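**Student:** Build out the structure end to end from the sequences listed, making use of the hints.
Chain order of the listed sequences is A and B.
Every number in this note's numbering is 204 more than the matching position in the first sequence, counting from 1.
Every number in this note's numbering is 54 more than the matching position in the second sequence, counting from 1.
Since no wrong hints were added, every one of them can be taken at face value.
Which residues of chain B face chain A? A partial, calculated answer using Cβ under 10 Å:
1) Cys410
2) His414
3) Trp436
4) Arg439
5) Val441
6) Leu448
7) Leu453
8) Leu464
9) Arg469
Worth flagging that the hints you see were computed from the coordinates, not collected in a lab.
The structure presented is a predicted model; accordingly, all values stated were derived computationally and were not measured.
By construction, the Cβ of each residue, glycine as well, lies at the ideal position given by its N, Cα and C atoms.
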Amino acid sequence: MPLKAWLEPLLSEPTYTPGRLAPVSVLAIDDDPQVLRRVQEVLTRAGCLVDTAPSGPEGLARLARQNYDLVFTDLMMPEMDGIAVVKHALELRPDAAVLMITGFASVDTAVEALKLGALDYIEKPFTPSELEAFTQAALKKKREREIAREEAQGFIRFTPAERAQHIILMASFTLLVITGFPLLMPDLFKNTFILAESSLIRGVIHRVAALILISAGLYHLAYSLISSEGNRDFRKVLPWPRDLIDFYHQVRYNLGLRNKPPRTGKFNLMQKVEYFGVVWGTAVMALTGFMLWFENQTLSLFPLWVLDAARIVHRYEAILAAATVFISHVYQVHFRPDLFPMSKVWLTGRVSRKEMLEEYPIEYEELTGHPAQEEPVIAWPQPRPAPAAEVKP
Amino acid sequence: MKRSLLNPKSKIQNLKFVALGLVCWAALANAQTVSDCLDCHSDSGLTREKGGSVAVNPEVFKKSVHGQAGLACVDCHQDLKGVKAYPHPVPLKPVECATCHESENAAYQTSIHGQSLAKTPKGDAATCSSCHGTHDILPPKDPDSKTFRLNIPATCGHCHLNPEIAGKNASGSVAKVESYFTSIHGWALAKAGLVNAAVCTDCHGSHDIHRPTDPKSKVARALIPKTCSQCHLGVYQTYLSSIHGEKFASGNPDVPVCTNCHNEHRIQLPSDPNSSVNPAHVSRTCSACHENKALNLKYSLPTGRLKSYQSSYHGISNKLGDLTVANCASCHGYHDVLPSSDPRSTTNPANLSKTCGKCHPQGDHPWDIGKIHASKRMEEHWIPRLVQRIYLLLIAATLMGLLAFIATDLYSRLRVHRAGKKATSGADRPYPISRGDKKDKR
Chain A
205 MPLKAWLEPL LSEPTYTPGR LAPVSVLAID DDPQVLRRVQ EVLTRAGCLV
255 DTAPSGPEGL ARLARQNYDL VFTDLMMPEM DGIAVVKHAL ELRPDAAVLM
305 ITGFASVDTA VEALKLGALD YIEKPFTPSE LEAFTQAALK KKREREIARE
355 EAQGFIRFTP AERAQHIILM ASFTLLVITG FPLLMPDLFK NTFILAESSL
405 IRGVIHRVAA LILISAGLYH LAYSLISSEG NRDFRKVLPW PRDLIDFYHQ
455 VRYNLGLRNK PPRTGKFNLM QKVEYFGVVW GTAVMALTGF MLWFENQTLS
505 LFPLWVLDAA RIVHRYEAIL AAATVFISHV YQVHFRPDLF PMSKVWLTGR
555 VSRKEMLEEY PIEYEELTGH PAQEEPVIAW PQPRPAPAAE VKP
Chain B
55 MKRSLLNPKS KIQNLKFVAL GLVCWAALAN AQTVSDCLDC HSDSGLTREK
105 GGSVAVNPEV FKKSVHGQAG LACVDCHQDL KGVKAYPHPV PLKPVECATC
155 HESENAAYQT SIHGQSLAKT PKGDAATCSS CHGTHDILPP KDPDSKTFRL
205 NIPATCGHCH LNPEIAGKNA SGSVAKVESY FTSIHGWALA KAGLVNAAVC
255 TDCHGSHDIH RPTDPKSKVA RALIPKTCSQ CHLGVYQTYL SSIHGEKFAS
305 GNPDVPVCTN CHNEHRIQLP SDPNSSVNPA HVSRTCSACH ENKALNLKYS
355 LPTGRLKSYQ SSYHGISNKL GDLTVANCAS CHGYHDVLPS SDPRSTTNPA
405 NLSKTCGKCH PQGDHPWDIG KIHASKRMEE HWIPRLVQRI YLLLIAATLM
455 GLLAFIATDL YSRLRVHRAG KKATSGADRP YPISRGDKKD KR
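**Tutor:** Below is the structure:
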C-alpha cells in the first residue's frame, strides 16, 4: 500500500543503523607495488574501499580531491619520504588518520612521525589478520581522537551571522516590549519619563527598534535563502509531521511513560515552535505596526474597523509574543536545570558534545557520521555481499 | 441702580457731583470749616482717652475725593454740626455715607455684607470704610484708590485672605480666594498689568454683593453666563447656540454653565497643564456629568463614553501625555457642542469626515466609519471583536500549553537528575547519561 510506505518514515523513529554507514575508505601510498596490492587485497576483502598511489605526491593529490578514513603510507620512498607525506597530509586535512608502514630499520622515523600527528605504525612484514586487526585498532584510535576533539571543542550550533541576528533580535524585541508596554497600562506609566507619550521618545524608540527588527528579519530571510549555512539550518528548522509524533513521545517520556526521549535533529519541536512564532509574530507586528504608524494612509484605504482590528491584533500579538518569549524561551535557555543560569550558546555558538548527544542526537550523527553514543563504536569490518571495485576518485 | 465701573463719568455720576457741590456750599456758609477741625486733628499725636489715634493728615484729606470736592468734616461727622465747645463731646456717631450715597447704601443694605452687619453690628462684615477708606477715599479711577481695579483683589483680600476673618464663615474660602492670584485673571491683572482683567467685583458685584447661593448674586448659577459675557461676549453667544446653552436658556438646572467646566477663581487658559479644560483633563471634566448615572438616565444620554474613549488609541495616548490626540472637545466641540442628531453638530454623520479630517486628512472617504463610542461589546464592529476573542483564546491556550509542557519537562529533568545522583557513576550507564532509562534506575 503506497500510503503506508509514505507514512512509514514519518511515523517510525529515525535511528542510527550501522548499515547506513559508508564503507571505510582507505588510501595506501607505497612505491612497492607488491605491498600496495597486498594491502588492497586484504582490506578489500574485509569490506573497505581501497585506493592506491605509487608515490607521495600522487597520494597527496588523491587526498586533496577526496577524504579518506585512513591513509597508509610507506616511510621510505624515493620521491618524497613518509615524514613529508605525513606533514603534507595533515596540512591538507588536519583530521586525517595517517598510518605508517615501516620496516624494522625505520621504526625511529615512525616514532618521529607520530610526534608530527600520525596515528600509528605497522611494521613489515605483517600477516593479513595482523593488518585487519591493526586497521580496526586504527579506526578505533581515530574515533577516540575525534571524540577527544569533540569533547574539547564542542559543536558549532550557530554561525557568527546567526548569533548576530539573534543579538539584534533580542535587543530590538526587548526595546519594543519596553516601549510598547505602557500602552497596555497607561495609568501606570503616564508619569514615567521616556515611556510617557509626551516625551515623544517612547514612540521614536519603538519605531526605530521596529525598523531594526524588520531589517534583521529581512536579512535573516536573505541569509536563509542565499547562504549555505543559513539554508541548511532553515531546512532543518522546517516542521515535519514527524515533529508531532516526536512531541507526543516527548510528553510521554517527560511523564515517565516511556524510557527514552525521542531522538531529535538540530532543532526540537519547542525550538521550531519558537522560531516560527518569531517569524509569524514579526510579520504580523510589522504589518499592523505600519498600519498604525501610517494611520491616515490606512484610513484612506480601509474602513475604520480595519484600523481597529490592526490595533487589537498589534496589542494581543504583542502580549502573545512577549509572554511566549518570557515564559518558554527563558525557560529553555535560562531555567532549564541543566543550563541554569544561562546557556552560552548565543555567545559562543557552540554546544558541548554531551548536550549534542543528549538533545540533538540526529544532528550529531549527521555531523560526525557516527552513532550518537558516548563510547566509540567501530562498525567494521562489515559483511559485504560482493567485494566492491576501487573507489573512483 | 447700576453703575458702570468702566465708565464712572456717566450722567448719573455727574449729576451726583453737582448735588454734592450744592450741599457743600450750604454747609460752608453755615459753620465749622475743615481748618477749624484740623487745628486740633492735624496733630499726629492726638489720641482718644483710651489711646486710639484721632489724627487726620491734612495732606491726605486734601487729596481725597471728599477733600477735593470741598466737603467739610461736619458734612460727614454730622453730629458735630453746630458744636461750640471744644474738645467736642465723644464718642461720635458712625458716619452715615448714605446721606449722600443713597443708592449705593441701598444696594449695600441688601448685600451679604450689609445683612451680616445688621445681624452682628460688632462683627467683621465690611462697611463702606472697609473698602473705600475714611479720610483718604479716592475715586476708583485713581491708581492709588483702594477700589482702583488693580488694587481691588488686595482690598477684598484684606478680609477674604485673612483666615481669622474669612475662615470663620466658610471653611477653605481663603484658599479659594488665594487661587485667584494664580488664575489667568489674576495673572493678567498682576503680572501682565491689564486693568481690564477680571477682578473680584466684576463677577461678584461691589455694593450689591451676595452669596453665590442667593439667586440675586451675579455668580448665582442662573446668572453666571451673563456675568462672564461682560467680557467673553462672543463665547456667550456661541454657548447659547449649543445644546448646553439652549437648555440653560430654557431653565434646565443640570446643564453646565461656564464655571462647571472652567472653574471659578482658579480658571486657567486651556493651554495651562492645570486647567480643567487642558487636553489632558477634558475627558475628566466632561465625564463629571456625562458619566453621571442619574443624569444619563434622566436625559437618556448614551453611557460608557469615557470608558470607550479611554480604551481607544486616542484615550490611551492622551493618558500617556500626548496632547495632540483627540479628546472629547476635538470632535464634539466645546462652547458649540451639539447632539450628533443636530445637522449643525460636528459629530453629525454628515459632518464626520470633515471633523475627523481635521487630524486625518486622508480619512475623507465614503466608507461608514462605524461606531466610535462602543460602550457595549455588541456595538463594536464584529471583525475586531472576533479578532480580539480569537487572540484571547490563542493567548490562553498557548500559555497554558507552554506552562504544561515546561512542567512536564522540568519534572522529567528533575527525575533524571535525582536518579543520576543515586547511580554510582556515569561510566557504566548507557546513553543517555542524564536522561537515563527509567527501568535501569529503579
